[in-house]
Amino acid sequence: MTTTTARRSAATTAGPASNSPAGTHGVSFGGILKSEWIKLWTLLSTKLLLATTLVAIVGVGAITVLARYAIMDQMISMAEESGQKLTPEQMEQTFPPGSQMDLYNLPNSGLQIGILVLGSLAVLFVASEYSTGMIRSTMSAVPKRIPAFAAKAVILAVVSYVITTIAAVATYLIAIPVFAGRGIDMGWDRDGVIYSIFTGGLYVAGVALIGLSLGVLLRNSAGAITLLVGIFFVLPIASSFMTFLPGDFWKYVPQYLPADSGGRFLSIGHLDATIDPWQGGLIFLGYVLLFLVPATFVLKRRDV
Amino acid sequence: MIEVKDLSKVYGSKTAVAGVSFTVKAGQVTGFLGPNGAGKSTTMRMIMGLDRPTSGSAIVNGRPYSAHRDPLHQVGALLDAKAVHTSRSAYNHLRAMAATHSIPLSRVHEVIEMTGLEAVAKKKAGGFSLGMGQRLGIAAALLGDPQTLILDEPVNGLDPEGVLWVRNLVRYLASQGKTVFLSSHLMSEMAQTADHLLVIGRGRIIADAPMAQVLAGSRQAVTLVRTSAASQLSSLLVGNGVKVDQNEPETLKVSGLDSRQIAQLALEHSILVYELTPQSTSLEEAYFELTRDEVEYHSRVSDGSSNQSIAAPAGK
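Residue numbers (our numbering), protein chains in the order written: chain D, 1 to 304; chain B, 1 to 316.
Note that these hints are calculated values from the structure, not bench results. Glycine included, C-beta positions come from ideal geometry on N, C-alpha and C. There's no promise every hint is true.
Said to hold, decoys possible - Think about it this way: if two alpha-carbon atoms lie no more than 20 Å apart in a straight line, the pair counts; the simulated PhoX-like pairs of lysine-lysine are: (1) D:Lys47 - B:Lys124; (2) D:Lys47 - B:Lys123; (3) B:Lys122 - D:Lys47.
What the hints assert, rightly or not - Covered stretches of chain B, going by a simulated chain D footprint (3 or more residues, C-beta under 8 Å): (4) 31-37; (5) 48-57; (6) 79-92; (7) 101-115.
Please build the complete structure, drawing on both the sequences and the hints.
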């Protein structure tokens, strides 16, 4: 009897605004975004990691630029010795599309570093909340849970995109004067340059979302980072051995794996027996969702 | 106001909480007492929506916690003093928590001041002592100036000054009409702080009553008797519903007779009695009485022989 009366009285006083302290705001997605933004930038490790990432992507990019130039320079010199004089256009055509020596994708030369570090950062962003217990504070403030996960995803995707894009532009700015020495015009209007700058950030943002999902699913930084490295660095190597298997079927499998399909998304032009860039993009998006959706579901259901 | 109805939580084959129902009313401090592993923390986590109940429901201020649009203003909770990222400063932790509800920075400074964290606010929370961690947890709970406070072992690790501060704080908040629900295993602390007591053992509520009633109605009055002829008096007293307990030489604890009857009997047999004191039951005794069958982890310390009769469960 007492519980029913108590229940009724609670129901009558529980209007949506009536029992909120005056002049206060409810939880809002903007507020949650701001909270996650504060969380990201109030860890010294994050700041150091992001600064080093930027330097590392550009650094590795610059080395790749110089290496490609050196190879190209050597081949041109050899041609000159045999009495041939190559025009800049002919020089470029020494490298057929898909030979990994294209010039339009130079902005993404250091992308692998971005994948490794930003993917790991994404894992840590959520897995460290589990290991420290912070997740219980987060989920107490946002008991619907999904908005907190969405805010983390947005912040990580944006930060990954911005850093990768800045690094890509910086890498290309280094490439321009290097190749100008051989009279090659490295203008921004070169086919595929803007495209690869645009898609490089998207790819790394996608990897970050996969990292975030793995962090939620495994709740363990070491395990999730290992798995992420396995997917993006070990699997491509392992899958390259598939081409040695008998039958044509295995030759077509690797391009459908996450790293390969994502990598294909960054390139331009059609190659025979290879998925087109847009198809690679869609397949990679599928992989991102394949991790994000179960992570969202698990996060909503599981005890924290 | 917290209303819990038939709440249970089963982990695999282990039942942590077995269908508890209770109401925590506004305007008073409700204590949640129980031995380790009795289900206190699990119950509190289910109220906060952190653990999913196996069955049953928990309603806070009229709706499930997660259904509130301003959860931090409804309930402030200290469930785990370690629910903080160890590499982030206390100030930044509170700032991030406050941002979710657009709580102004002035309130962050306010709670830091209230909890006495000014000196360490900019330091990494990972380096905090247990007591400082508790203060930070309480600061976070107070951020939204909530209607309801849920505090799991709030005085754990606090120095005596901190214990007093928590006691005064929760008493003040209750006097302001707020709902205060706190758990503790420190019975003396509970006796001084709580108005109402919920006792939980093995996942079941075994007492739900005002503190005064728990203290008064727990068991028969006991009289402490000091006499030079303890064994002689003991044999005269015992039987006919009277129980005698001897743990120290020349000292008896007698229940079932009042002090006047004991004095009369001693006089008739010319036994010297040099102390005769009616004992008021402490919460501790009341608690042991209530939880005797419900303790998850018994420590094997032998009781006085006559305690065995009390230990025999009435319902078996």
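Evaluated hints:
no.	hint	in the structure
1	D:Lys47 - B:Lys124	16 Å, holds
2	D:Lys47 - B:Lys123	17 Å, holds
3	B:Lys122 - D:Lys47	17 Å, holds
4	31-37	violated (count 0)
5	48-57	holds (count 5)
6	79-92	holds (count 11)
7	101-115	holds (count 3)
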